[in-house]
Amino acid sequence: MTLEIQNASARAGGREIVHNLDLALAAGEIVAVVGPNGAGKSTLLKLACGLMPLHGGEIRFDGSKIGSLSAGELSRRRALLPQECPMRARFTALELVLMGTAISGQGRPMAERVAIAQDTLDRVGLSSFMERDIMTLSGGERQRVHLARVLAQLEAAARNGAPGCLLLDEPLSAQDMARQRLILQIAKMHAAHGGSVLLVLHDLNWAAACADRIVVMHQGRIQSHGLPRDILTSELLHDVFGIPDGCIHQHCSTGRPFVVPHDLVMPEDINKRETPCILQ
Amino acid sequence: MRAMRVHAGWILLSLLPLLILVMLVAVEVGASGAGIGTLLHAPDVATRNLAWMVIAHIRAPRVVLAAMAGAALGAAGATMQGLFRNPLADPGLIGVSSGAALAASCVIVLGVDMAQSGFLNGWAVPLAGMLGSFLVTLLLYVFATRAGITSVTTVLLAGVAFGAFSGALTGILIFRANDTALRDLTFWTLGSFSGANWERIGLLSPFLVLAGVIATRLAVPLNAMLLGEADAALMGYPVERTKRLAMLGVAASVGPVVAFVGAIGFVGVVVPHLVRLVTGPDHRLVLPGSALLGAILLTAADTIARLVAAPAELPVGIITAALGTPVFVWLLSRIHGADIPS
Ligand SMILES: Nc1ncnc2c1ncn2[C@@H]1O[C@H](COP(=O)(O)OP(=O)(O)OP(=O)(O)O)[C@@H](O)[C@H]1O
Ligand SMILES: [Mg+2]
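So the protein sequences, as listed, match chains A and B.
Residue numbers 1 to 280, in this note's numbering, belong to the letters of the first sequence in order.
Residue numbers 281 to 622, in this note's numbering, belong to the letters of the second sequence in order.
This is chain A alone, in the form it adopts within the complex (with noise of 0.2 Å):
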């Protein structure tokens, strides 16, 4: 599945919060978008999938224009991993999952949907809570219940077609650091079965590790867009994060970028020894 995002804008609360956005999507390729707080990527991510209006611009899946699709054929070429999923309906994770399926996997047989279900849970390390009440699941179990959900939508779609395009905002954000790679590691696989993922990531060392390319979204604006090594430049975390110089470091095998922040360190501090007093 291709997205194409060309010169998109969007309004809300009177004004323009996101202005003229230019992105492609290819078949098997990730991206990720990272930018400050309130830079537009949610926003984006919402005109990506229709949930908002255009107030300019075109969006197009696989060529066809996003307006001239329906809700349910919308369903079968995207799914949303919204930053925050509020309910307080008591249903247990496998229910929740299974709603996903219901609409984009319309004329499957019930027993393949729970296949799928099932499936998706396991992926995500949930196989073992698939009869839970989700009100009664911690917050990162919950996200990666509505992270099955998301993706058993798209996989109850995909019948003979290649997978849809999967957007995930903040996929990470409740997440250990082990879960953090799962989900990164189920995205890798979902581009490597010909879907395409799109995913807002604020762990820049995540972005630069997993991504293809990545967009870097400052107020509004897409500031810049490439290869991980073309675009996490001091001059750029700089401008966009105020991080100092010197904290982007080359990774030795993969030879993909990595910043590790270094004046949290006082310098007073850097002459301490780390280890223990009773040892000295």
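Certain hints may be false.
[Stated by the list, open to error] Here are a few chain A residues that face chain B, going by a calculated C-beta distance under 8 Å: (1) Leu74; (2) Pro82; (3) Cys85; (4) Arg90; (5) Phe91; (6) Ile103; (7) His202.
In case anyone wonders, no lab produced these hints; they're calculated from the structure.
Glycine is no exception: its CB is placed at the ideal position from the N, C-alpha and C atoms.
Fit chain B with the ligands to the given chain A structure using the hints.
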């Protein structure tokens, strides 16, 4: 937990024989003392004929009407609570009750002479009530819809506002009413099945069938909309159509019910909560369960209303509120705050 839900399905199914039982008992008992036994075993024809009159033309339609009204109010309450994602939502919120009440009051107070002179033969109040409820619901819908998107919050708030406004107008009407009209009004606002007959049931049936058909199409999208309208739309559910259908279904069922039997409170709010305690939030179980339990409770309440002060009868709304309130409070004390299933 899913095993538990299957279990819940069986409990709901067992409500059906219970409903039939309650209806049979309700037909059997009454102020006149005539029962099915009289019908079969009374020695003289006159007594049997009288018993037949009472059972077939007075009690049976009344019991059927009570069951239909209870089913409509219960299912409509569940629909509204799902649509508004608010545990206090009630069918009245979309203006069906206040619209019907206002229109019916107008006819009772201003048109009382016309009604007595046989105008429309006693149909003036229910027809005005139906018209009033449809008009107000339509008004609220149009008011809350911009560019094809209906704001349920606006519907809810405008519905509350209109309820207060129509309460004021009804108050003015009460102020102007004579004694007969006042009695009629009281009965109407508290609800009563005393006007039941087979013609009214015949008129009501197609509306309830329509609402039933709509309900079967609502259950699955309403489940998804518990996640929020945006998430439901993302998963491909027809959110706006569901809102329209839900309002149409509630107006089609509760409007005519309120017009015929008056504004009966509490069933629509309490019954879905009782059902959810057993079934959880799935509307495929909550909707039929609320219809069944609503029918059972309202039939039972009407039977009590007929019997407690026999040969006089109490308005059924008094019974539902008097019994419903303690149940509701007990429920609230059992399941505290955030644990209330929704
Ligand atoms: N409905 C709205 N009305 C007014 N302003 C809005 C609205 N929605 C978003 N905005 C503004 O648009 C800007 C972009 O919001 P967006 O949610 O896209 O940010 P973001 O990049 O996802 O931020 P974060 O990292 O905090 O999630 C913000 O300044 C926000 O305040
Ligand atoms: Mg955001």
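Hint check: 8 Å Cβ-Cβ cutoff, Ile103/A to chain B: The hint holds - Ile103/A has a Cβ within 8 Å of chain B, the shortest such distance being about 3 Å.
Under 8 Å is the threshold here; is the Cβ of Leu74/A close enough to any Cβ of chain B for the hint to stand?
holds, 7 Å
May I ask you to test the interface hint for Arg90/A with respect to chain B, counting a Cβ-Cβ separation under 8 Å as satisfied? For Arg90/A, the interface hint holds, since the closest Cβ of chain B sits about 5 Å away, which is under 8 Å.
Close enough to count: is the Cβ of Pro82/A nearer than 8 Å to one in chain B? Interface hint status for Pro82/A: holds (7 Å vs cutoff 8 Å).
With a cut-off of 8 Å, does the beta carbon of Phe91/A approach a beta carbon of chain B closely enough for the hint to hold? Hint on Phe91/A: holds, closest Cβ of chain B at ~6 Å, below 8 Å.
Interface hint outcome for Cys85/A [beta carbon to chain B under 8 Å]: It holds, given that the least Cβ distance between Cys85/A and chain B is near 7 Å, below 8 Å.
task: Could you check if His202/A really has its C-beta closer than 8 Å to a C-beta on chain B?
output: violated, 22 Å
The structure fails to meet hint 7 from the earlier list, while all remaining hints are met.
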